[in-house]
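Colleague: Please take these sequences and the hints and turn them into a complete structure.
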Amino acid sequence: MELLWLVPALPLMGFLILALAGKRISKPFVALIGAGSVALSALATLVVAVNFFSYQHAYTQTLWTWLEIGKFHSDIALAIDSLSVVMVLVITFVGFMIHLYATESMSAEEDGYSRFFAYMNLFIASMLLLVLADNLLLLYLGWEGVGLCSYLLIGFWYKDAVNSRAAMKAFIVTRVGDTAMALGLFILYQELGTLRISEILRLALSIWPSGSTIAVISSALLLGGAVGKSAQIPLHTWLPDAMAGPTPVSALIHAATMVTAGVYLIARMNLLFSLAPPVMIAVAVIGAATLLLAGISALVQSDIKRALAYSTMSQIGYMFLALGVGAWTAAIFHFMVHAFFKALLFLSAGVVIDSLHHERDMFKMGGLRHQLPLAFWCFLIGTASLSALPLITAGFYSKDFILWETLASDHGSIWLWAAGIAGALFTSAYAFRMVFLIFYGKERSETVHSITVQPGIRIKAPLIILAALALIAGFVQMPGTLGGLSLFSAFMSQSLPLTRTVLTAISETAMQYLSATISLLGIFIAYIFFLYNPNYIRHFVQKPLGFAVQCFLANGWNIDRLYDILFVRPFVFAARTNRHDIIDLFYQLIALLHRVANRALCASQSGNVRRYAFGIAVGAALILGMVVFK
Amino acid sequence: MANALKKRTPTMNNIPAEYGLVLSALLFVTGLIGVLARRNIIFILLSIEIMLNAAGLAFISAGSKWGQADGQVMFIFILVMAAAEVSVGLAIVLQLFHFLRTVNSDQTNTMRG
Chain G
1 MELLWLVPAL
11 PLMGFLILAL
21 AGKRISKPFV
31 ALIGAGSVAL
41 SALATLVVAV
51 NFFSYQHAYT
61 QTLWTWLEIG
71 KFHSDIALAI
81 DSLSVVMVLV
91 ITFVGFMIHL
101 YATESMSAEE
111 DGYSRFFAYM
121 NLFIASMLLL
131 VLADNLLLLY
141 LGWEGVGLCS
151 YLLIGFWYKD
161 AVNSRAAMKA
171 FIVTRVGDTA
181 MALGLFILYQ
191 ELGTLRISEI
201 LRLALSIWPS
211 GSTIAVISSA
221 LLLGGAVGKS
231 AQIPLHTWLP
241 DAMAGPTPVS
251 ALIHAATMVT
261 AGVYLIARMN
271 LLFSLAPPVM
281 IAVAVIGAAT
291 LLLAGISALV
301 QSDIKRALAY
311 STMSQIGYMF
321 LALGVGAWTA
331 AIFHFMVHAF
341 FKALLFLSAG
351 VVIDSLHHER
361 DMFKMGGLRH
371 QLPLAFWCFL
381 IGTASLSALP
391 LITAGFYSKD
401 FILWETLASD
411 HGSIWLWAAG
421 IAGALFTSAY
431 AFRMVFLIFY
441 GKERSETVHS
451 ITVQPGIRIK
461 APLIILAALA
471 LIAGFVQMPG
481 TLGGLSLFSA
491 FMSQSLPLTR
501 TVLTAISETA
511 MQYLSATISL
521 LGIFIAYIFF
531 LYNPNYIRHF
541 VQKPLGFAVQ
551 CFLANGWNID
561 RLYDILFVRP
571 FVFAARTNRH
581 DIIDLFYQLI
591 ALLHRVANRA
601 LCASQSGNVR
611 RYAFGIAVGA
621 ALILGMVVFK
Chain D
1 MANALKKRTP
11 TMNNIPAEYG
21 LVLSALLFVT
31 GLIGVLARRN
41 IIFILLSIEI
51 MLNAAGLAFI
61 SAGSKWGQAD
71 GQVMFIFILV
81 MAAAEVSVGL
91 AIVLQLFHFL
101 RTVNSDQTNT
111 MRG
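Protein chains in written order, with the working numbering: chain G, 1 to 630; chain D, 1 to 113.
Hints are computed from structural coordinates only; laboratory data are not their basis. Bear in mind the structure is a predicted one, so any value in this text is a computation, not a measurement. Cβ coordinates follow ideal geometry from the N, Cα and C atoms, glycine included. One or more hints might be untrue.
[What the hints assert, rightly or not] Heads up, incomplete: computed chain D residues facing chain G, CB under 10 Å, no partners named:
1) L32
2) L36
3) R38
4) D106
5) N109
6) R112
Modeller: Below, the structure is given as structure tokens:
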């Protein structure tokens, strides 16, 4: 257990080495440090996790006192319990897979190679700090750290202005949420006098009654932070643009780990959130709305990575839905499974993109399954898991868990469940649409001939391992109707409360048949419209109405434009109006007065001796006159 | 008579002090007009001398009116001061002419604000 500090320290060390000496190190050595530090961190995690599994109690390691100002006290302290064990395992292992993949896929970079791995290591360190933090201040440090790395890596190819703009957009939009979260921390400290997570939860539970205003406000502010980081409505617009970064970045930060930080935050503060039922409802509704909106948008994307980004938003929407109905374990389970299959999807999409010389338009692909068999199978497995193909994929178990709890929980409702089911239909439709567009259909000669190199072992190994995980990771948690294996939820029950279920008359088996049918129906729809007869869509899009609908959905329901009108333009207008600083006018007036006075007095300094003499004479006469005729 | 003569003869006390003062005022105004009206710096210096002498005359008149030596002492001071002033002033005029090639005071306005 004492090795816990090594887990975030090793990637941080890797970052420091690469940042300070990266230019002087040869590329293989950079790769060794970059991926090696994460590998060592994963090993340290493994040791800690094995220890944790055998002792089964939460452990806190206080490293040193960070801040001590008056009564305020904050430690650099790492805490581990079953929730953070799962998070850390996923971050380090999936992170290592992606680092390994990146050592090969980023090898075309010359100057940026060490910079890339430095940022990636810093990201892993910050993310580990985020999930291991014992107090909210340290968590916030990690939270901002991952935000910074996200910014740096989205704008990795900074010479293209589009990428820099996407990076700024991501940073600014998440900043809105982060500000709300910071306010939440202030309120929590003000009210409870501590930022230690365990104490906050204990005090809040004993002081605040359920539904009290202060609990609602503080958890709503934390929710603001979570919404920004996890790209949920209304702060979701940055994620599709964030795909401007390199593909391993999209896989690591914008699919597997960072964007789920919001899910972690809510799960970590679960007792606080359950004191605020209105916020819980808001979480569930935000999740349901996002999963539907993003799922529909993903159906019409032509850029492969944007489609995956919308898919990520939609899947995180499922996690929020689960959190909102109090199904904490289901959310974390889906987080884990999603990390596996979405990293897999991004990495195999990366293989396709790299093979086609950075072509990301799915309509220019087609028939690639013979040319890129490994990428095809891995993408297919990822897609199957994403669309919750029954029984054989991990996604089925996690999504089924969420859907069932949404229906059965005492916070759940039939409407939220219906949104989830509808989302499942969209999910399997857009997922298999991608497969059909990329790997089936007509082979295009120009793309086929451009494939020259097949991926090497450092790309193949992560793909195969992640594919295996995307298939089998679900078997640790089987629903009651399929053997009722509950390793995962039993493990998580140490740190997360169980979902309070109300008995319903609906049979779980029937629901599973329904969701399986929905999943298969989605695939069938994708098959009909995108493989069997693409002309239906083509004819529809050619009509003006169809074209408008397509544009509307492809632009993410035009929410970017809405924000542009609501926030950006008024701000730019105000900035333009105030270009010469209205308040500054007052000071300019003072300066002007002085300048006028100066000019007037300058006139008296004519340099003409006779005039001075005249002045002296007049002055003397005046003084004499005053003396004489007083 | 002799007594009256004796009374009168002790020199210039028979000239009233007002005459001296009026003359000094006239001289002063003449000098001032010269300072203000002339452009040539040498003439300005001359006019200043006239003004100084006017002041000196005023001191002498006042001194003689009150029968005290202070007025004459002050006049000696003024003479010394005028000598010093003229030596410095003429040196400045020489330098001025050396640099600017003019003794016209209206053209020596390089210090204007």
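Colleague: Against each hint, give a clear statement of whether it holds in the structure.
Modeller: Going down the list of hints, with the structure as the test:
no., hint, result
1, L32, "6 Å, holds"
2, L36, "5 Å, holds"
3, R38, "8 Å, holds"
4, D106, "6 Å, holds"
5, N109, "3 Å, holds"
6, R112, "3 Å, holds"
In the structure shown, no violation is registered for any of the earlier numbered hints.
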